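*Asks:* Sequence:
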Amino acid sequence: MTAVIFKVSAGGPDWVGRRLGFSVHDAGGGKPGRASRDRVGFSWADGVNTTYTEEGGTEFSVGPCMAPAAFAPVTSGGYRVRHTDLPPWPTG
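Once you know that position 1 of the sequence shown is 1 in full-length UniProt numbering, the rest is easy, because the numbers rise by one and skip nothing.
In case anyone wonders, no lab produced these hints; they're calculated from the structure. A portion of the hints provided could be inaccurate.
[Claimed, not checked] What follows is a list of derived Cβ distance ranges for each label pair:
#1 A10 - P90: 19 to 25 Å
#2 W89 - F22: 19 to 25 Å
#3 L86 - A27: 37 to 43 Å
#4 T91 - A10: 35 to 41 Å
Since the model is a prediction, treat every value here as computed from it, not as a measurement. Just so it is clear, CB atoms sit at the ideal spot from N, CA and C, and this is done for glycine as well.
Assemble the whole structure, with the sequences as input and the hints as a guide.
*Replies:* Put into structure tokens, the structure is as follows:
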């Protein structure tokens, strides 16, 4: 999933207007008392889809539908990914 940020909480990062990406790998089969094998990916991680500017800042180079592969292990809990149909696109 990717999205353009339109608003951030007070004191949050200055990401308004930037496209960021988030991905989930649902490995399934999670059992109580056992570590999850699920993973997440996020474009704002240091070095992931990040370009460093000459002024010392950073730019996130994420295109639509271009979230990074899920690379970080989920250490507590887990994810369950399910399909849902999107509502019809508004007309007029």
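*Asks:* For every hint, state whether the structure bears it out.
*Replies:* Hint check results:
1. A10 - P90: 19 to 25 Å: violated (31 Å)
2. W89 - F22: 19 to 25 Å: With a Cβ separation near 23 Å, W89 and F22 satisfy 19 to 25 Å, so the hint holds.
3. L86 - A27: 37 to 43 Å: Because 25 Å falls outside the window, the suggested range is violated.
4. T91 - A10: 35 to 41 Å: About 37 Å separates the Cβ atoms of T91 and A10, which means 35 to 41 Å holds.
Figure legend: structure checked against the earlier numbered hints; hints not met, in rising order: 1, 3.
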